[in-house]
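J.: In case you want the letters, here they are:
Number of protein chains: 2
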Amino acid sequence: MAKSMSLLWGAGSPPCWRVMIALEEKKLQGYKRKLLSFEAEEHKSPEVLEVNPRGQLPAFKHGDHVLNESLAACLYLENQYQSQGTRLVPQTPGEQALTYQRMFEGITLNDKLNAVIYPQEERGDSALKRRREALGAELQLWEKYLEKVGPGSYLAGPFSLADVTVFPSVAFAFRFGLPAGRYPKLDEYHGLLKGRASIKTSWPPRWLESPQGYQVLHDL
Amino acid sequence: MAKSMSLLWGAGSPPCWRVMIALEEKKLQGYKRKLLSFEAEEHKSPEVLEVNPRGQLPAFKHGDHVLNESLAACLYLENQYQSQGTRLVPQTPGEQALTYQRMFEGITLNDKLNAVIYPQEERGDSALKRRREALGAELQLWEKYLEKVGPGSYLAGPFSLADVTVFPSVAFAFRFGLPAGRYPKLDEYHGLLKGRASIKTSWPPRWLESPQGYQVLHDL
Numbered sequence: 001m002a003k004s005m006s007l008l009w010g011a012g013s014p015p016c017w018r019v020m021i022a023l024e025e026k027k028l029q030g031y032k033r034k035l036l037s038f039e040a041e042e043h044k045s046p047e048v049l050e051v052n053p054r055g056q057l058p059a060f061k062h063g064d065h066v067l068n069e070s071l072a073a074c075l076y077l078e079n080q081y082q083s084q085g086t087r088l089v090p091q092t093p094g095e096q097a098l099t100y101q102r103m104f105e106g107i108t109l110n111d112k113l114n115a116v117i118y119p120q121e122e123r124g125d126s127a128l129k130r131r132r133e134a135l136g137a138e139l140q141l142w143e144k145y146l147e148k149v150g151p152g153s154y155l156a157g158p159f160s161l162a163d164v165t166v167f168p169s170v171a172f173a174f175r176f177g178l179p180a181g182r183y184p185k186l187d188e189y190h191g192l193l194k195g196r197a198s199i200k201t202s203w204p205p206r207w208l209e210s211p212q213g214y215q216v217l218h219d220l
Numbered sequence: 001m002a003k004s005m006s007l008l009w010g011a012g013s014p015p016c017w018r019v020m021i022a023l024e025e026k027k028l029q030g031y032k033r034k035l036l037s038f039e040a041e042e043h044k045s046p047e048v049l050e051v052n053p054r055g056q057l058p059a060f061k062h063g064d065h066v067l068n069e070s071l072a073a074c075l076y077l078e079n080q081y082q083s084q085g086t087r088l089v090p091q092t093p094g095e096q097a098l099t100y101q102r103m104f105e106g107i108t109l110n111d112k113l114n115a116v117i118y119p120q121e122e123r124g125d126s127a128l129k130r131r132r133e134a135l136g137a138e139l140q141l142w143e144k145y146l147e148k149v150g151p152g153s154y155l156a157g158p159f160s161l162a163d164v165t166v167f168p169s170v171a172f173a174f175r176f177g178l179p180a181g182r183y184p185k186l187d188e189y190h191g192l193l194k195g196r197a198s199i200k201t202s203w204p205p206r207w208l209e210s211p212q213g214y215q216v217l218h219d220l
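Top line first, the protein sequences correspond to chains G and Z.
Note that UniProt numbering gives residue 43 to position 43 of the first sequence, counting from 1, and the numbers run on in steps of one.
Note that UniProt numbering gives residue 168 to position 168 of the second sequence, counting from 1, and the numbers run on in steps of one.
It is worth saying that the hints were derived from the structure and are not from the lab.
Glycine included, C-beta positions come from ideal geometry on N, C-alpha and C.
One thing to keep in mind: the hints can contain errors.
Stated by the list, open to error - Covered stretches of chain G, as calculated for chain Z (at least 3 residues, CB under 8 Å): (1) 37-50; (2) 54-68; (3) 76-83.
Turn these sequences into a full structure, and let the hints steer you where they fit.
T.: Set out below in structure tokens:
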């Protein structure tokens, strides 16, 4: 069935990575995939626009079904292949609530990271300063969440869609210089997950060649 | 069971409205709810911050389970009460894929609306112009989606979480002056849904008193 799936992706993009982790966890290896270059603007190519009219990656298809929104793809894969691979939405109400809650909070985390790492509009120093402060406050919130679940735990108890979708943003933050010493719980979480098979297999290839990005978050 | 649910909400906020529609559709009437005022900054009150540390509404709880992210609350309610009220996630792969896809695209739609209606940072004319153009392009995308599903259809075939979560943003756009003549499919969709029981019951009370907001989108 993975043969009827195709993914157009960009290396290091947390949304793309989420889908790739979910595919691994659901044992859907063997799907067609093609790495495109953001730098070469390949995400604005006709090939992508045909699947994703906003010209963004991932552009994912299962047969004729288009799932470009990474969290939508993750929910769909879990729902369609519930009994295959890792169960990614816990059934106990408390763990399930926490899984969904953290998944969506992860969108906010990723938006706040992007607003600092890749500011799209020209902004004054004061706007950027506010965005950096907002990101710092956001990251401290995740420190507290991880403190609450305790050491060695995943975001919602068992490994779940919360981890599939939030981990790429955490890895992204560290790649861009987040100081581990000031975010010890996030550092521990990063360490806990980076060796997991689904994550290791889908690790952005360019990150292996040059493990550090521009250290824009080093003083956060 | 609805008695163990509580919702702190703000009138006219699409995220709050999503949760209220989902509760109605799942026949979970009778939950505790409290209307707070954004103008009076009640969303930054200790009562909200205790449930939602970002100081945003909705702040929703089911027993001890916190679900502040509106789409997380919708997914949780559907999953926990699958056989109660309206089935909100279709089981056929195509309709299910479309439901999830449109739900998440709805976040983008709502963000682009907010960026024009409530710009949070001071911006020059050129930035606002770009944002208005981006919103216009986004709305044309939804026109095309609706054209594709055909007249009288919901976003993903049967009424689903896609409608629960996207409709409030559509209603919000028309309240703020979106010209029906230039967005005929969205106008038709708005007309199709505004009489639905779950939506009528949860219609923002202030909108009944003064049906039109500031007409900021009239020339879009």
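J.: Quick check: the segment 37-50 of chain G, covered by chain Z? Criterion 3+ residues, Cβ under 8 Å.
T.: violated (count 0)
J.: At a Cβ distance under 8 Å, does chain Z reach at least three residues of the segment 54-68 of chain G?
T.: holds (count 8)
J.: At a Cβ distance under 8 Å, does chain Z reach at least three residues of the segment 76-83 of chain G?
T.: holds (count 3)
Checked against the numbered hints given earlier, the structure breaks only hint 1 and satisfies all the rest.
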